[in-house]
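Those protein sequences? They're chains L and V, same order as listed. For the first sequence, the working numbering begins at -15 and goes up steadily by one. For the second sequence, the working numbering begins at -15 and goes up steadily by one.
Hints in this document: simulated from the structure, not taken from any laboratory. Treat the hints loosely; a few may be bogus.
One copy or two, either will do: identical chains are not told apart, so a pair holds if it fits within one copy or between any two.
To be verified - Simulated pairs of lysine to aspartate or glutamate, EDC-like, Cα-Cα distance not exceeding 20 Å:
| id | residue 1 | residue 2 |
| --- | --- | --- |
| 1 | LYS404 | GLU428 |
| 2 | LYS23 | GLU51 |
| 3 | LYS115 | ASP426 |
| 4 | LYS57 | GLU256 |
| 5 | LYS107 | GLU452 |
| 6 | LYS115 | GLU227 |
| 7 | LYS308 | GLU118 |
| 8 | LYS23 | GLU256 |
| 9 | LYS308 | GLU124 |
| 10 | LYS404 | GLU11 |
| 11 | LYS1 | GLU51 |
| 12 | LYS1 | GLU289 |
| 13 | LYS366 | ASP92 |
| 14 | LYS107 | GLU118 |
| 15 | LYS115 | ASP136 |
| 16 | LYS308 | ASP117 |
| 17 | LYS107 | GLU419 |
| 18 | LYS115 | ASP92 |
| 19 | LYS115 | GLU452 |
| 20 | LYS115 | GLU137 |
| 21 | LYS1 | GLU46 |
| 22 | LYS404 | ASP426 |
One letter stands for each residue in the lines below.
Number of protein chains: 2
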Amino acid sequence: MDFLIPYEKVAQRHPTKHAALYEALREAMLDGRLPLGMKLPSTRELAAQYGLSRGTVNQVYETLASEGYVVCKVGSGTTVAYRYAAPEARAASVPDFRLSAWSSRLVDLPREQGHPAAAAGLKPINFASGKADERLFPREAWNRCLYAGIRDETQWESGRASAQGDYRLREAIAMYVRRSRSLHVSAEQIAVVHGSMQALALIAQLMLNPGDRAVAETPAYSGIRRAIRSAGGTVIDAPIDEEGIVPAEWDARALFVTPSRQFPTGAVLSLERRQALLAWAARQRAVIVEDDYDSEFRHRGRSIEPLKALDRDGRVVYVGSFTKSMPPSLRIGYAVLPDSLVEPFVRAQALYEPSPANKLEQGALAEFMTSGGYERHLRRMKRSYGRKFAHLTALLQEELSGSFDWVPSDAGLHVFGWWKGSEEAYLAFRSACREAGVVWADTEPADNGAGIGRWGAYFHFSDLTEEEMREGVRRMNRILNEGAGASRA
Amino acid sequence: MDFLIPYEKVAQRHPTKHAALYEALREAMLDGRLPLGMKLPSTRELAAQYGLSRGTVNQVYETLASEGYVVCKVGSGTTVAYRYAAPEARAASVPDFRLSAWSSRLVDLPREQGHPAAAAGLKPINFASGKADERLFPREAWNRCLYAGIRDETQWESGRASAQGDYRLREAIAMYVRRSRSLHVSAEQIAVVHGSMQALALIAQLMLNPGDRAVAETPAYSGIRRAIRSAGGTVIDAPIDEEGIVPAEWDARALFVTPSRQFPTGAVLSLERRQALLAWAARQRAVIVEDDYDSEFRHRGRSIEPLKALDRDGRVVYVGSFTKSMPPSLRIGYAVLPDSLVEPFVRAQALYEPSPANKLEQGALAEFMTSGGYERHLRRMKRSYGRKFAHLTALLQEELSGSFDWVPSDAGLHVFGWWKGSEEAYLAFRSACREAGVVWADTEPADNGAGIGRWGAYFHFSDLTEEEMREGVRRMNRILNEGAGASRA
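Can you make the complete structure from the sequences, with help from the hints?
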């Protein structure tokens, strides 16, 4: 009899003969080899063909019948009931989904840039990472907070937290921004997010219809442009100078800005400009998103208040994050929202995640903060990072001032400089340094403002030792002396 | 001298005199009480007025000057430099943000229904929760997986996982759906999500432009309509009958369906209809989202394959979840994606969350699954839930068949019935039961299909004891006998 099903092939991946025969018959029907109405062999014939017991074949037929693949009738045997889709229909059905405009925008966005990889060989010196220094982290104290959350016997009952985040954590954050950032806000105005990118993306989606304009600094964190463009918005590139963003009468619904420390140049926005931005937002009924990404690390002078502290009208969303101070796997940030945006924002969070997926981490961070562990850790980091900052600033100014204009700063976790030479020279220098294992982050030349025609480079130091910084600068210097990037002269 | 600043008020919340004076002056400027150009008192005068040292006043003036609030000039004293926004401009600036259409849709959506609360007094019997049974959960084994993740010394280095999810977890899920659901897929096709709602919402956003149509079963999980509407889609209400959704030639871009066990009626979609849906999707270039929310809990008969197992053309997204089997605080689900949707889906995940916020939980679940702990736990739950299922089914049929048409089922974590009486009688009965501490979940009458004009009620049992079920049914029966809902006769 010429009844061909892929039994042997299938048998290799199935533990029992029953399962193998079932799969083989099913596959043959799905592939159209056993067409609708075809009479299947009797249990006796099939059992003989494949060396099976009649009981096994019978069971398989019954299973297939119960699922509708075959019909068993007393007297007339078993016939195929599965209707194979005709090849014409199948050919037309390659997965050419019609995706939404949102989806197309996402796929068209440039991918988030990972850290550039250093060439193998030499010990890599990574000025691009910006991770918190593992050696400074009070791992035991933090782990105790996690263990306490795991052991918490009430967690089963309490079940789901609000999409807005663990309430204790929101209270701890409210206390923290009150003390350290002069923001007098309540836990109700705070939403816990999975890193600042989530806050930026949700705010863009809440404020922008496709075609609406939003202002971004040039240069800026790349995630800001991703957030605006994914919402269908058009980016207005606002130039910056030594005092930060230059206010203008933009026609826009949102402004993304880094007033405490322009990212990445480090410029501090003057009070006059801050007031100008707030007045602009009031006229435009626009929102200002203040991304305060690292200004808790102030090495000299008095801390600068966030723009949000001047915001009497509820125009500013303040975005903060723990990613610079906690382990890289902990993705917790927060948004301080004007009252009128709390409901839409939390609705947006709840759409995707009715209850936070990182309840354990949120609870542990609340415990770490209320027990004082977080601020102790922060003070220790500040001392260490202050020394590293001074060291790297001096090193770069002494060794590489021929090639970069270093921008002075009092705060933050990186040192920024403008490349003095040509684009070609910069690219040659960068690529030679990568070969030598030294990498950093940079910004492409802008069309206007301080970055016009100039490459900017910034060097993180938080997770490097002073010896590693020296070694990195030594290698860069050697490359410059050997002539790569020499056209700077 | 008549120089009024809110010093005493501010002093109560500030630890140092320096901080209190700074805040008081600043607040007076922000409120317009100290207008631009006003000359401030000399340090001597101010010190005398508030009983401060001249040094303190001097320091505060310097701080304010460094921030641009005041100007100090030798010889002419200190004057206000802050320009108070005129009341006209402020009046116009109430936070009347122009929100996006997406935002307005979100705010207009009905809120996710929480579980109805039982009245205080009697011990509540909650048939609405559907949480996994805490008593069955191998807390120690699971906690060991979490502890191992916390102690993992490499986690600092490995840093960020892909937005798509922990790779080991995706491999474990691929293995699991292969073994238990006959889905031959690889880790590359699996995206880990924060519960199935996230998958539904992202797929809707990826497939639907505002105005596009998507099909949902009537009744269905309320999150499906939330997902469609938030993306701007229009819902096509597809009727169901005893064989599940009734296929039609919908003009739509997406179909959300529960083939293994229609939610909440429990109907199993016939093979013929499954084929009809796949053929429809191919013609429409539409996606089918298969929500397989609880069919791993099969109490009788052979497990039914998911629709995805028939999907030769890459038309089906299969959505599964761990929320029915793991603690309620663990929010982990997954989507099995057709190849062509992997990139858009992961891009969408990465937009909001470049790296998962619950790396620890994902790693622990990977360990729990690969060590065999998860399937041991599942087997134990299945035995227990099988007994509870049989118990509740028998109890409801014996005691409440006068009021409900119970829908027979072989699987799942709830028992579904159609109310036989009038709407008024149902609402009176439900409210009397709530008063008596007994709550369950229900579905409103539909415009078409099996639910036309009928209330449906479903009773979860996973976290109830047999004694609690009996007590709940006893109370319901008493209420029926006392006459509430009596108009059913």
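Each hint tested on the structure:
no.	hint	in the structure
1	LYS404 - GLU428	within (13 Å within a copy, 70 Å between copies)
2	LYS23 - GLU51	within (17 Å within a copy, 89 Å between copies)
3	LYS115 - ASP426	within (17 Å within a copy, 50 Å between copies)
4	LYS57 - GLU256	between (88 Å within a copy, 19 Å between copies)
5	LYS107 - GLU452	within (9 Å within a copy, 65 Å between copies)
6	LYS115 - GLU227	neither (27 Å within a copy, 55 Å between copies)
7	LYS308 - GLU118	within (11 Å within a copy, 37 Å between copies)
8	LYS23 - GLU256	between (87 Å within a copy, 19 Å between copies)
9	LYS308 - GLU124	within (19 Å within a copy, 33 Å between copies)
10	LYS404 - GLU11	neither (66 Å within a copy, 44 Å between copies)
11	LYS1 - GLU51	within (19 Å within a copy, 81 Å between copies)
12	LYS1 - GLU289	between (73 Å within a copy, 19 Å between copies)
13	LYS366 - ASP92	neither (40 Å within a copy, 46 Å between copies)
14	LYS107 - GLU118	within (18 Å within a copy, 50 Å between copies)
15	LYS115 - ASP136	between (30 Å within a copy, 18 Å between copies)
16	LYS308 - ASP117	within (9 Å within a copy, 39 Å between copies)
17	LYS107 - GLU419	within (11 Å within a copy, 71 Å between copies)
18	LYS115 - ASP92	neither (29 Å within a copy, 41 Å between copies)
19	LYS115 - GLU452	within (15 Å within a copy, 52 Å between copies)
20	LYS115 - GLU137	between (34 Å within a copy, 16 Å between copies)
21	LYS1 - GLU46	within (15 Å within a copy, 87 Å between copies)
22	LYS404 - ASP426	within (14 Å within a copy, 70 Å between copies)
Going through the hint list in order, the structure does not satisfy hints 6, 10, 13, 18.
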